[in-house]
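Based on these hints, arrange chain B on the given structure of chain A.
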Amino acid sequence: MKPFAYMRAQSLEEAMASAAEPGTRLLAGGTTLVDLMKLGVEQPARVVDMTALPGLDTVHVDGQRIRLGALVRMASAAVHVDIVRLAPAVSQSLWRAASAQLRNMATLGGNLLQRTRCAYFRDVQAYAECNKRAPGSGCAARQGITRNHAIFGASASCLATHPGDLAVALVAFDARIEITGRERRLVAVRDFFRIPGDTPQAENQLRPGELITAVEIPLTAGLQRSHYLKVRDRSSYEFAVVSAAAGIVLEEDGRTVRTAHLAAGGVGTVPWRLPGVEQALMGRPFTEAAVRAACADASAGAEPTAHNRHKAVLLPRVAARALMAAGGMA
Amino acid sequence: MKQANDVQWDRRELLKALAALPAAPALAQAQQQPPGAAAAGADGAALPAPMLEVGVPRKEGVLKVTGAARYATEHPQKGMLFGVMVQSTVAAGSIESVDAGDALAAPGVVAVYTHLQGLQLRAPQPYAAGGAATEKFVPFQDALVRFNGQHVGAVIAQTLEQATHAAGLLRFVYAAGPAVIGMDDPQARQQPLPTATAQWGDAVGAMARAPHCVKAAYRTPREYNVPMELHGCIAQWQGDELTVWEPSQWVGGARRVISEWLDHPIEKIHVVSPYVGGGFGSKVAPHPHVAVACAAARQLGRPVKLTLTRQQTFTGYGGRAATEQQLALGATAEGRLTAIVQEGWNETAIDDINVEKCNAVTTTMYAVPHLSSRHSLRAVHTVNPSWLRAPGENPSAFALETAMDELAHRLQIDPIELRLRNWAGQDPHHRIPWTTRRLREAYAAGAQAFGWSHRNPQPRSMHQGRELIGWGMAGGTYPVRRTPGEARVVLWPDGRVEVHSSGADIGTGTYTILAQTAADALGVPLERIQVLLGDTALPRAPLAGGSQLANVLTGAVHKACMRACEELTLLAARHPASPLRGADPSRLRVHAGMVGPADANTPGGRVRIDSLLSLAGRDRLVAMGDTFPAAAGEKEKDAADQTFTQMQLPTAGGLSAHSWSAQFVEVRVDEDLGTVRVRRMVGAFDSGRVYNPRLARSQWVGGMVMGLGQALFEEGLTDPRDGRVLNANLADYVVAVNADVPEIMTISVGQPDYAATVLGGKAVGELGIVGVAAAISNAVFHATGKRVRELPITLDKLV
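Heads up: the sequence lines are chains A and B, in that order. Heads up: the first sequence runs through residues 1 to 330, numbered per this note's numbering. Heads up: the second sequence runs through residues 1 to 799, numbered per this note's numbering.
Hints are computed from structural coordinates only; laboratory data are not their basis. Cβ coordinates follow ideal geometry from the N, Cα and C atoms, glycine included. There may be inaccurate statements among the hints.
Okay, the calculated beta carbon distance ranges per label pair [to be verified]:
| # | chain 1 | residue 1 | chain 2 | residue 2 | range |
| --- | --- | --- | --- | --- | --- |
| 1 | A | N104 | B | G465 | 24 to 34 Å |
| 2 | A | Q143 | B | S97 | 22 to 32 Å |
| 3 | B | G785 | A | N104 | 34 to 44 Å |
| 4 | A | K2 | B | Q190 | 42 to 52 Å |
| 5 | B | R336 | A | G328 | 17 to 27 Å |
| 6 | A | P285 | B | L730 | 44 to 54 Å |
| 7 | A | N104 | B | R496 | 40 to 50 Å |
| 8 | B | L730 | A | D62 | 39 to 49 Å |
| 9 | A | P285 | B | K64 | 56 to 66 Å |
| 10 | B | K786 | A | E303 | 26 to 36 Å |
| 11 | A | P22 | B | A537 | 29 to 39 Å |
| 12 | B | S97 | A | A134 | 14 to 24 Å |
| 13 | A | G30 | B | E417 | 52 to 62 Å |
| 14 | A | D82 | B | E417 | 53 to 63 Å |
So that you can see chain A by itself, here it is in the shape it has in the complex (with noise of 0.2 Å):
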């Protein structure tokens, strides 16, 4: 570990100012910033904390949306009455992540810039080639065990999966991220995180001196029947072999789908939106069949590694289930 000053934000415009320094990193929860710097792969020279800027840590529902301060920790936002009334695939993902002491700490903004479990980006002594960490270094990972790694949105350079739960349900459900810099704007999450293509460094859209200050998630009668579906083999604190969150809004007949929601997580180099099953669902009818045939192709274009085509087998699956969940069928 290497030695950091540390210093408290006591504004927005402070931590703003901060941010736009090089070798500076935010910390909020620590509960990624922390781990990644004791294993050398963060090694920010000032650490600027952000838990005490005032106004961020706060739930507002309206009639239109949700808005989560950056600051609200994820086991508050996991249990509030609202989002577990009006967003059920965003508490399920919430308390489905982590285990109960990290989301005691963990922001939600910090949750969204968390970084890949890719055991070679995270092994700093062993594996100099990490794209990712070293821009062109190479990476170790495309000949190494992939297990885990992604099936979507690899590339030569990067196939490091999107470890997020929160995130797929944010995507699925077309959420925005506030980002305040010298100008406040509304980023769509699907449009938030990058593909890594020949820079995986650059994850998101951030940039130097923004910050996260908020998330908004429309209400959407999708939304409010929804489902996120986390499979992994240990029913807790493991990351997703694959998950899905999904939303269903049936016709008034109660029988035809009228819209569908649905983005897979454990898959992809970003929460991955499956926009071809969403259409393939609508005006079929809502039964076990109809999705599990919307569900077939889910997989279509991924690419699997030696070590990981049980994910491309499962996607389908999950999607479908998640989809059933989401709609009320057992």
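Positioned in the frame of chain A, the structure of chain B alone reads:
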């Protein structure tokens, strides 16, 4: 007395015991009189209830849960320095150069050690060669790299942060050499182990003639102990005396290994280990980082604290070796085994030996007329693997008990019935009688509690909603190991009683059961008994491992108390100040904390033990007890304390002593998703006499939970190019968490086995895990029709 016992059972235990009562005489047994316990007297009121066999809570429990119990690295010393290890990043080859400049120049750094700036350390004697060490490797003595993650450097600094920072600045350049990464590599040198070979009859011929045969390969991956308490120690020299606070399952062995590393007289080395935060075999002997701490502290003249990081624990010492077994069972249509042919191997370090004896259960469990079993080692570039709960028996039972399930399915015979048809009335390998074998009772009690008779034998026949339901069972066994040891009791005139032994309580409850033993033998209330353990200043004891220590030390403490009672009766009869002076000492006895007439009807006074000591002017009464053979001398006693050489085989004395178990499991498998969830577990155990049902249950449950993790999750992943462990942390090396663990029922079917041990107990702690993985894999087969023979049963193997 029945009432007293019942009160000690918590409601859950009681309900479970009652549920199993028709088959399991657990409650009835709890009322039997142990030898040496206070016998019934005419005056019932004064009768102390026996404490052994009662589930009293852990004596040190409050200290542990309130943080008051101080573990090894929680003994800060004045002027203490902090050490951090640096590990290799290639699997084989040599260190070409070291750049220590930046590390040495970093703030707070006191010393940097590598093979170039060395610490002189001698190789310790491995346990198999008459010593105590579990690896030969000693850091910094040459430029050779034997495995990825080998200690190649250490930084000692004023603070942990400074040492950690400087460790990151210490740079090595390697000349990587050809490496053998895993045991499937054709370059992995195979070395047969004649000592792990068993042969009787004509197994190959009988197998060829067998009407039915199941044959398959069974594999277990590298598994790691991952105790919550990291491996770390504090070493402090005062003159030529060294004190090491080290989480140790065996302070005598630790002392021996440290003495060899440092070439320092053993009597000058003091090892302290009152509490251990989990070891599971990984803290039997100290590992090489301890050598570095001790030698650095000597060289620098200041105490050194050195703790491995979690990642470093994956290669700072070894976990369970990966294993493979090719196992064939031949049988008649009626299910009688006619032959067993087995070929197994485990990986070991490239220049060291670790044996994970995969035929330990194969040769013990069933009556089979023809058997051929061989075990080999395959040398690869890995840290030397070591012990993890039930080494040998664990993978052995996984293969054998899965194969038995395959045979049962093939022949359409109930798995329990198949096992009964192959009942071994005596030890099939050594052809001698068992001491006790209440395995039938375990099958019966477990089956009844589980509801096994309702099982539809057809795979895929049971489901609920989208989940397939599977019921599986397996048997298990663990030998009764006995290395003699000694204990001391000290009786004080203020009424306190102390029990002393160097044996370590590794969380199993040794403090508690030794207090219970002394309470019974002296009739003194539990709260007046203080037990001191885990310190080389105390009487000699063998390792807390192999499920032996409880039996050894209860025996030694019981004998020490008997000796104290003899002295007390003599004192009472002979001391002029005693109210019983002039009595015939042979007609006196110690009962309920008093010395008095042996025959309760005889008139005459009684005197409390503490009053007698006061009256006689004694500041204390000290008595020793041990479980050594009468002929044992100091040399043998030291050897038992410091080596494995005095360990008695389970077959010692012409009887074969083992614990037995039957495991029953219900799994739910979501076939869409491949996920397996264990919904119920029932374990029925013959561990002989159970000294404390609460603590024994805790051990069995712990083993079953660990077996659940082994069956479904645990697997060390290494990079095929360089042997690097890729999941060296507790997020990615997946062990069972609370959410995975269902209601677990444990049933004791044991009865006192005085042929096995002094006070009638048999093995407990290791037994809990044996057979669990097989029961789970059998349940998964029953649910899905898919047989997974390679652990762990992760979802990718089922989708």
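A quick look at each hint next to the structure:
no.: 1; hint: A:N104 - B:G465: 24 to 34 Å; verdict: holds (33 Å)
no.: 2; hint: A:Q143 - B:S97: 22 to 32 Å; verdict: holds (27 Å)
no.: 3; hint: B:G785 - A:N104: 34 to 44 Å; verdict: holds (43 Å)
no.: 4; hint: A:K2 - B:Q190: 42 to 52 Å; verdict: holds (46 Å)
no.: 5; hint: B:R336 - A:G328: 17 to 27 Å; verdict: violated (54 Å)
no.: 6; hint: A:P285 - B:L730: 44 to 54 Å; verdict: holds (46 Å)
no.: 7; hint: A:N104 - B:R496: 40 to 50 Å; verdict: holds (44 Å)
no.: 8; hint: B:L730 - A:D62: 39 to 49 Å; verdict: holds (41 Å)
no.: 9; hint: A:P285 - B:K64: 56 to 66 Å; verdict: holds (59 Å)
no.: 10; hint: B:K786 - A:E303: 26 to 36 Å; verdict: holds (27 Å)
no.: 11; hint: A:P22 - B:A537: 29 to 39 Å; verdict: violated (57 Å)
no.: 12; hint: B:S97 - A:A134: 14 to 24 Å; verdict: holds (22 Å)
no.: 13; hint: A:G30 - B:E417: 52 to 62 Å; verdict: holds (58 Å)
no.: 14; hint: A:D82 - B:E417: 53 to 63 Å; verdict: holds (58 Å)
In this structure, the hints that do not hold are numbers 5 and 11, in rising order.
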